[in-house]
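Asker: Sequence:
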Amino acid sequence: MHNLLIIGYIWPEPNRTAAGYRMLQLIDLFIDQGYQITFCSAAKIKSTSRIPLESRGVKMIPVQLNSDLFDDLLNQQQPEVVLYDRFLIEEQFGWRVRKVLPNAIQIIDTEDLHFLRTARKNHIENGISLEEGFQSELAVREISSVQRVDMNLIISSFEMELLIDQFQILPKKLFYLPFLIKKEEIESLKSNVVPFEKRSDFCTIGNLKHAPNLDAVRQLHRYVWPEIRSTFPDSQLFIYGSNAPKEILELHSPENGFHIKGHAKRVEEVLSKHRVLLAPLRYGAGLKGKLYDAMKYGIPSVMTSIGAEGMFSSRLVSGVVCDEVQQVASTAYQLYADLDSWNSYQEQGFKILQDEFEESAFAKAFFLQLQITKEEARMNQSFNERMLTYHANAHFKYMSHWINAKK
Numbered sequence: 333m334h335n336l337l338i339i340g341y342i343w344p345e346p347n348r349t350a351a352g353y354r355m356l357q358l359i360d361l362f363i364d365q366g367y368q369i370t371f372c373s374a375a376k377i378k379s380t381s382r383i384p385l386e387s388r389g390v391k392m393i394p395v396q397l398n399s400d401l402f403d404d405l406l407n408q409q410q411p412e413v414v415l416y417d418r419f420l421i422e423e424q425f426g427w428r429v430r431k432v433l434p435n436a437i438q439i440i441d442t443e444d445l446h447f448l449r450t451a452r453k454n455h456i457e458n459g460i461s462l463e464e465g466f467q468s469e470l471a472v473r474e475i476s477s478v479q480r481v482d483m484n485l486i487i488s489s490f491e492m493e494l495l496i497d498q499f500q501i502l503p504k505k506l507f508y509l510p511f512l513i514k515k516e517e518i519e520s521l522k523s524n525v526v527p528f529e530k531r532s533d534f535c536t537i538g539n540l541k542h543a544p545n546l547d548a549v550r551q552l553h554r555y556v557w558p559e560i561r562s563t564f565p566d567s568q569l570f571i572y573g574s575n576a577p578k579e580i581l582e583l584h585s586p587e588n589g590f591h592i593k594g595h596a597k598r599v600e601e602v603l604s605k606h607r608v609l610l611a612p613l614r615y616g617a618g619l620k621g622k623l624y625d626a627m628k629y630g631i632p633s634v635m636t637s638i639g640a641e642g643m644f645s646s647r648l649v650s651g652v653v654c655d656e657v658q659q660v661a662s663t664a665y666q667l668y669a670d671l672d673s674w675n676s677y678q679e680q681g682f683k684i685l686q687d688e689f690e691e692s693a694f695a696k697a698f699f700l701q702l703q704i705t706k707e708e709a710r711m712n713q714s715f716n717e718r719m720l721t722y723h724a725n726a727h728f729k730y731m732s733h734w735i736n737a738k739k
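Using the working numbering, you'd call the opening residue of the sequence shown number 333 and step up by one each time.
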């Protein structure tokens, strides 16, 4: 039996974050291929993480940062493959893996490109050019991690192109692996989808600890929703998301049709009862879980180009893309009232799921690439890659020892 060790930034919460949902999809992929999986993290274990992991037979082991006990864990587990949950985890643990298990295949699930999301945020909020953001320390760190490992899982086709064209990352180091869905699930969702006439109101959803989602709610409150309410005063908007800060909770205003609802325990129920999803995202990276879920549960979206990025590779779109505030507001209500357009976008959403996210083709290609990587690993490492690894091992090793000595 093959052994996989996953080192998590946090313990996955699939019902609260798109990142947690993504991690469980990766776990299921490896389980289907017969892997025995151990998941470890230095974060505090939450009860919402235990059931999805333990029900899959995944062994859960808490670990400590900057502790030599992690070396003992590596020696005990002897994983063939180590998966880092984001580049930050490779920085913290990669040098130990390379020291104890030099032949282990190392993979980063990038989630999204952190430097891209940060560069866009700084561009929108502080007027800093994207080019400057691409030269930032964060970019240097993230690209260095991408270069050090054997394979990187990239969730967005846009980010694949960016890494290859802008940063000259070798394509063999990258594997495009978006959100995944089984064909049978698509068919079941489509046959049970709630129709137009049984839905009402607008909604948005997303973890409100995530800066792009927080900014989107602010945009809705300040600009989009007043435009909609001024024309259609009976309209209602429901905002779902865990970890809402005080400033967002204070926006709750039922008399103005602006409802802060908190965490949605069952996403499918929420997205199946509302008619249009609003996603005025001004910055971000990766794929947007809310737009993927919207397609699953048959609710068309009004989204920005940032939101739509990487989601649609053909002319099919599961809603309307627009970036001007007034256009978002007018388009949202037009879609809300137009049965024919609404039905068309719902149908296109299911077709996109089938064409772009159906699991089987990706699974076969991924494990074929993993096998090739196993056979070629270390044999064809370039001088630059060896140099990056050498300096990273020394840097993170002595930083870890220094931190440990200060405890």
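Incorrect hints may appear among the rest.
Stated by the list, open to error - With a cut-off of at most 30 angstroms between alpha-carbon atoms, the simulated BS3-like pairs for lysine-lysine come out as follows:
1) LYS515 with LYS578
2) LYS376 with LYS605
3) LYS522 with LYS504
4) LYS593 with LYS378
5) LYS515 with LYS376
6) LYS378 with LYS578
7) LYS431 with LYS530
8) LYS522 with LYS376
Treat the hints as calculated values from the structure; they're not laboratory data.
Asker: Confirm or reject each hint.
Answerer: Okay, the hints, checked on the actual structure:
At most 30 angstroms may separate the alpha-carbon atoms for a hinted pair to count; LYS515 and LYS578 exceed this at roughly 41 angstroms. For the hint pairing LYS376 with LYS605, the CA-to-CA distance comes to about 34 angstroms; that exceeds 30 angstroms, so the pair is violated. Among the hinted pairs, LYS522 with LYS504 is inconsistent with the structure: their alpha-carbon atoms are about 36 angstroms apart, more than 30 angstroms. Of the pairs offered as hints, the one joining LYS593 and LYS378 holds, with about 22 angstroms between alpha carbons and a cut-off of 30 angstroms not exceeded.
Distance check on the hinted pair: LYS515 and LYS376 sit about 35 angstroms apart at the alpha-carbon level, beyond 30 angstroms; violated. With a C-alpha separation of about 22 angstroms, the suggested pairing of LYS378 with LYS578 holds against the 30 angstroms cut-off. Annotation: proposed proximity of LYS431 to LYS530 is violated, straight-line Cα distance about 59 angstroms (limit 30 angstroms). Note on LYS522 and LYS376: the hinted pairing is violated, with a Cα-Cα distance of about 38 angstroms set against a maximum of 30 angstroms.
In terms of the numbered hints stated before, the structure departs from hints 1, 2, 3, 5, 7, 8, listed from lowest to highest.
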